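Q: Chain order of the listed sequences is A and B. First residue of the first sequence: 318, per this note's numbering; consecutive thereafter. First residue of the second sequence: 58, per this note's numbering; consecutive thereafter.
It is worth saying that the hints were derived from the structure and are not from the lab. Incorrect hints may appear among the rest.
As the list claims (entries may be wrong) - Per the computed footprint, the stretches of chain B lying under chain A, defined by three or more beta-carbons under 8 Å from a beta-carbon of chain A, are:
#1 129-141
#2 203-213
To be verified - Below, computed lysine to any residue pairings styled on SDA-like, alpha-carbon distance capped at 25 Å:
#3 Lys370(A) / Asp145(B)
#4 Lys116(B) / Leu359(A)
#5 Lys139(B) / Gly466(A)
#6 Lys142(B) / Asn374(A)
#7 Lys141(B) / Gly157(B)
#8 Lys370(A) / Leu359(A)
If you're wondering where the values come from, they're calculated on a predicted model, not measured in any experiment. For glycine and all other residues, C-beta sits at the position ideal for the given N, C-alpha and C.
If you want the building blocks of each chain, they are given just below.
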Amino acid sequence: MIALEFPEINSILRWKDLFPTFNKIALIAVLAAVISIAIFMLALRQDHREAPKGIRNLAEVIVEFIEDGVVMQTMGKEGLPWTPFLMTMFLFIYLCNVPGIIPFFQMPATARMAVPLFLALMVWVIYNVVGIKHQGVLGYFKSTLFPPGVPKALYILVTPIEFISAIIVRPFSLAVRLFANMMAGHILLVTFALLSEALFQAKDKILIPVGILPFFMLIFLTSFEVLVAFLQAYIFAMLTAVYIGGAAHPEH
Amino acid sequence: MPTVIVTQSSGHIVQVRLVAGDTTETTVAEALAATSGEASPTAETAVKAAPNPIAPETKEIAWAAGSFIVLLVVLRYFLFPKLKKGMDERYASVRSDSEGADRVRAEANADVAEYEKALAAVRAEAAGRVDAARQTVDNERNTQLAQVNGRIAAARADADQKNAAAREAAQSDVASAVATVASRVAEIALGKAPEASVVSAAVASAMEGSRS
Chain A
318 MIALEFPEIN SILRWKDLFP TFNKIALIAV LAAVISIAIF MLALRQDHRE
368 APKGIRNLAE VIVEFIEDGV VMQTMGKEGL PWTPFLMTMF LFIYLCNVPG
418 IIPFFQMPAT ARMAVPLFLA LMVWVIYNVV GIKHQGVLGY FKSTLFPPGV
468 PKALYILVTP IEFISAIIVR PFSLAVRLFA NMMAGHILLV TFALLSEALF
518 QAKDKILIPV GILPFFMLIF LTSFEVLVAF LQAYIFAMLT AVYIGGAAHP
568 EH
Chain B
58 MPTVIVTQSS GHIVQVRLVA GDTTETTVAE ALAATSGEAS PTAETAVKAA
108 PNPIAPETKE IAWAAGSFIV LLVVLRYFLF PKLKKGMDER YASVRSDSEG
158 ADRVRAEANA DVAEYEKALA AVRAEAAGRV DAARQTVDNE RNTQLAQVNG
208 RIAAARADAD QKNAAAREAA QSDVASAVAT VASRVAEIAL GKAPEASVVS
258 AAVASAMEGS RS
């Protein structure tokens, strides 16, 4: 029997302050904003009349991806003014996710509940405000809690369910989906990295070749996290668009 | 520190367990005891003291919110509108160029159609002229041919007439000669000259017989 020390869970999720109140999560969040701004500032330095290339091409691809892949799919043309917000959301989450597989960072900021919680609460406030603005207080809560087409007797069951689903569970599920996926990925990477290291450095020489198995798993999961980082950002932006679109136009 | 306990049997890993431990010194035996419900007071104290790993920290919320809001404001009010305006201008320019190209193509197609129409008219006119010329040539040839054939027929009739006269004269000469010879032969044989009319009739009859 061999034993390896698994670090305390807090030691792989909580980070010491680099300077007061500023830890690795804050650094990643700030870098996400700075990198996003830098991409667009560099893109704007190129002549817009020429065919886009390099960083401008990247920026335009991001804009078109959000417009065609998120806004038009969920909100239609009326939702196009929401493109900057949804693009900011997508970029910020993606750039907070990606450091989970970048050496030296090796921590997605979204694996801490703070980031998803803030974003989900903000989305919750926004879609409720949009719903009230478009339909009025009564109209919004009527369309949310009393969905049309349901027999009146069933409202006894449906209304509490809709209240819990739309008002309470939505922000919670939005936050937990992102947080849990990223934290699980992070812990899996840590686990397989530690296991690989322990097996490669085992005193019992027969265990050293066995280390290749968790090492391959580590490589596979790292590749998988590239996909997860994008997918979770896309899902969060997509659901945000669905919630805002649904609040603005419940008939859709 | 939490400890992973890996159980091996014949060199194979058969079980991996993560057990909670304290932050100081926890032996494997104590950790195993902790998992079986006999955790030491030290371990329990350590677990209670550790912060909840999923609880959000205010400072992280603040930094995330600040970064996001700054990014949103900068993108929404400064960078995105400029980029989008540039994209729209380029799309409009491309659309305009494309429409211009379509217009030029349509004009070129119209020119080609007009050219082909003119070409067809010229070809039709040329074909008409060629047909008229061919008709004229045919008429001229037929006229010439008729004239030549007429001349040939006249010449042939004249020649036939001359031939017939020459043949008649020759036959007359031959008959006269034969009659003379026959008269002399008969005079020698009979001792007297036969009548000229009888000889001429006999010669004419003989020549007539040989001709038939």
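Q: When the structure is checked against the list of hints, which entries are broken? Sort them ascending.
A: 2, 4, 5
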